[in-house]
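J.: Each protein sequence line maps, in turn, to chains A and B.
Quick note on numbering: the first sequence equals residues 75 to 521 in our numbering.
Quick note on numbering: the second sequence equals residues -18 to 284 in our numbering.
Treat the hints loosely; a few may be bogus.
[To be verified] Derived pair list, reagent style BS3-like, types lysine-lysine, alpha-carbon separation capped at 27 Å: (1) B:K235 - A:K198; (2) B:K198 - A:K212; (3) B:K62 - A:K358; (4) A:K209 - A:K437; (5) A:K209 - B:K73; (6) A:K358 - B:K235; (7) B:K73 - A:K198; (8) B:K235 - A:K209; (9) B:K13 - A:K212; (10) B:K9 - B:K71; (11) A:K434 - B:K198; (12) A:K361 - B:K53; (13) B:K71 - A:K212; (14) A:K212 - B:K73; (15) B:K62 - B:K192; (16) A:K276 - A:K250; (17) B:K53 - A:K209; (18) A:K437 - B:K235; (19) A:K209 - B:K104; (20) B:K27 - A:K361; (21) B:K71 - B:K27; (22) B:K192 - A:K209.
Derived from the structure by calculation, the hints contain no laboratory data.
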Amino acid sequence: MLQISTPVKKTLLILFLTIIATFISLPNQIPVNLKLGKIDIQKNIVRPDINFKIGKFEIKKSFNLILGLDLAGGSHLVFEADTSNIDPDDVGNALDSLRDVIERRVNLFGVSEPVVQTSSFNGKDRIIVELPGVKDTKEAVNTIGKTAQLLFAEVPQSTESASFKLTDLTGADLSKASVAFDQQKNGNPVIQLQFSEEGAEKFEKITSENIGNPLAIILDNEVISAPIVQEVISGGQAVISGDFTLDQAKQLSLQLNAGALPLSINLVEEKTVEAILGTESVNKSIKAGFIGLSMVLLFMILSYGWLGVIADLGLIIFGVITLSLYKLIPVVLTLPGIAGFLLSVGMAVDSNILIFERYKEEKLRRNTQDALEVSFGRAWDSIRDANIASLVTAFILANPFDWSFLHTSGPVRGFAVTLASGIGISLFTGIYVSRNLLRVFVKEKKK
Amino acid sequence: MIKWMKYRFVYLGISLFFLIVGAYGVIKWGLKLGVDFTGGAVVEYKFENSFSTEEINKKLSEKGFSVNSIQKAGIDNYLFKFPPLEREDKDKILLVLEEILSSDVEELRFENVGPSIGPELIKKTVVAMLLSTIVILLWVALQFKSFKFGASAILAMLHDSLILIGSFSILGHFFGAEVDFLFVTALLTTLSFSVHDTIVVYDRIREYQKKEGGDLKVLADRAISETMVRSLNNSFTILFMLIALILLGGSTVKWFSVALLIGTVAGTYSSPFVAVSLLVSFDELGRKLKGKKILFDFFKSRK
């Protein structure tokens, strides 16, 4: 009967894991250029994405690294909301609805994966907006910050001066705004309004009371038009005609649809990164990482000989697994995040160094295999205690529960997340992977 | 075996020297705060034509913009720093530059931070540091069943942070290193690295205490001797990574990597030489006090 010892089994499991992780880690397309004598292979190997159905479940995963704004390019905008006029108890609600409105406006851009989040600290309430790929922030800031407040006002004819009397009909009563073209006149673009049921009733009442009088339509404190009411309008439809260009009309209808901002906001921070700069940073980091890693690999072999080779193997497995996890979770990779990853490579070797140094001592007292087992056991205590202390700091930096008294900003968190996942995975590769690889290799050496 | 602890006052003296140098730097020059703290604008432009800084300064100030500094940040890349800008200023400045240089100017990066962000960043950093310190203190005290271990580890950690802050006041004065968001991250990472290293030495002491017992000073000497190679090797691997990042990683992460490097070196030094030195000193002090107390109690009972 064929008997496979546990370390061998575990090593096979590690091998299996590594193959899967490598598959996920590889870039989407790998160009292959091979020239061997007459054979000339030139093609792209394309990694297929997972896309299949099991019963009702559809599994779709494309395994692409998600790059942060500083690497992929884009804008990071921070707005401060003016909450001074609001009851402190309502600030939370007001901010949430502010975020919702901004989110709707941001979605108008058609940017992939925009981030809109609130952040409150010490009485300062902020909205953070991240727009990957958007470089022209002027348009973005305008669209986000526009109040787009729609009001209707009666213009009483009795008084001498043309004063307005605001009605209770506002943009909040709108159910939909759309662009249409004026059929009677020269086909100018106009904005067609559809009121909600309640709004329609209000509108009917206002028109019935104002037949023959103008009704002013005010958008953002500006009278857009003041048509004379000809008849009672029921059904809740109205048209705003003004001197709009088509683009203006579209923009306005978008803003009206998105709704008015419940709080006034003010831009306090803006960061824009051009995609080219990001690509440059990525390339530099990859180069730095590659050279740093080679030096670490070489150092381990020079210091620990064949033990170092095993540690290097563990380190490469560490790298591959980490990268595949970034893709699976997915972790948004930023520049500090890359630094965190590279730092965690340094820490990943540490478990191995601890064990090997211990092994050198223990070997003087026992045979190779026992010495290895003892070293792993003894080193575990310090590896555990030390890494938990590191994880505490990484946890506080990553702030997973969004505590407002801690950092909520992207770069600090990006660093902490990669550092923490690096420490976690290094515990696995440092102990489990290296240990089993060594068990297998030491045995074979004895035979 | 080397009697490391015999010279512990030398190590503490060396640390004190660096702390004083750092404190001198901080008092004399302060820290060079980046836009994250002070508010202001940083714009990275790319253009090929050469220019004179004076001319740009003059032309921009004619239009009402003051330039705080212009730095080279790559082959054709330049970092301009301004006080906080209004939205419209961004395009105006670009136009002025294009006029002066009579070429296309590409805006690669634009950061404009209002003055309200800085104080918040400082507060949050202090909270994060305090929180990490308390949790780590409790964790170490619990794991090693002694408050002395925890307190020494925390003091060593504080030592590393102070050294890092001091170094940056000096680097800031002479080389323009700025304290920004990333520096804060490096500072907090130094905390964790420092404790990481200290715990490894502590763990050896704990092991000998359990197995053999005896004088803490002797155990500490043994523990340091046996973890020294590991400490150095581990630091080397991290240093390789960081040096590669400093030299090749680009301008954005350069000072961040330098900060981590200083933190790593300080952390490696402080684990055996500050944390353990303090631990042994506290232990002796504690025993002396206890001895006196016993003597005192003895006399009291005689009365």
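J.: Next step is simple, just say for each hint if it's right about the structure.
T.: Hint check results:
no.: 1; hint: B:K235 - A:K198; result: violated (32 Å)
no.: 2; hint: B:K198 - A:K212; result: violated (66 Å)
no.: 3; hint: B:K62 - A:K358; result: holds (24 Å)
no.: 4; hint: A:K209 - A:K437; result: violated (61 Å)
no.: 5; hint: A:K209 - B:K73; result: holds (17 Å)
no.: 6; hint: A:K358 - B:K235; result: holds (11 Å)
no.: 7; hint: B:K73 - A:K198; result: violated (31 Å)
no.: 8; hint: B:K235 - A:K209; result: holds (25 Å)
no.: 9; hint: B:K13 - A:K212; result: violated (31 Å)
no.: 10; hint: B:K9 - B:K71; result: violated (35 Å)
no.: 11; hint: A:K434 - B:K198; result: holds (24 Å)
no.: 12; hint: A:K361 - B:K53; result: holds (21 Å)
no.: 13; hint: B:K71 - A:K212; result: holds (10 Å)
no.: 14; hint: A:K212 - B:K73; result: holds (13 Å)
no.: 15; hint: B:K62 - B:K192; result: violated (61 Å)
no.: 16; hint: A:K276 - A:K250; result: holds (16 Å)
no.: 17; hint: B:K53 - A:K209; result: holds (23 Å)
no.: 18; hint: A:K437 - B:K235; result: violated (42 Å)
no.: 19; hint: A:K209 - B:K104; result: violated (31 Å)
no.: 20; hint: B:K27 - A:K361; result: holds (22 Å)
no.: 21; hint: B:K71 - B:K27; result: holds (15 Å)
no.: 22; hint: B:K192 - A:K209; result: violated (64 Å)
This entry does not satisfy hints 1, 2, 4, 7, 9, 10, 15, 18, 19, 22, going by the numbered hints stated previously.
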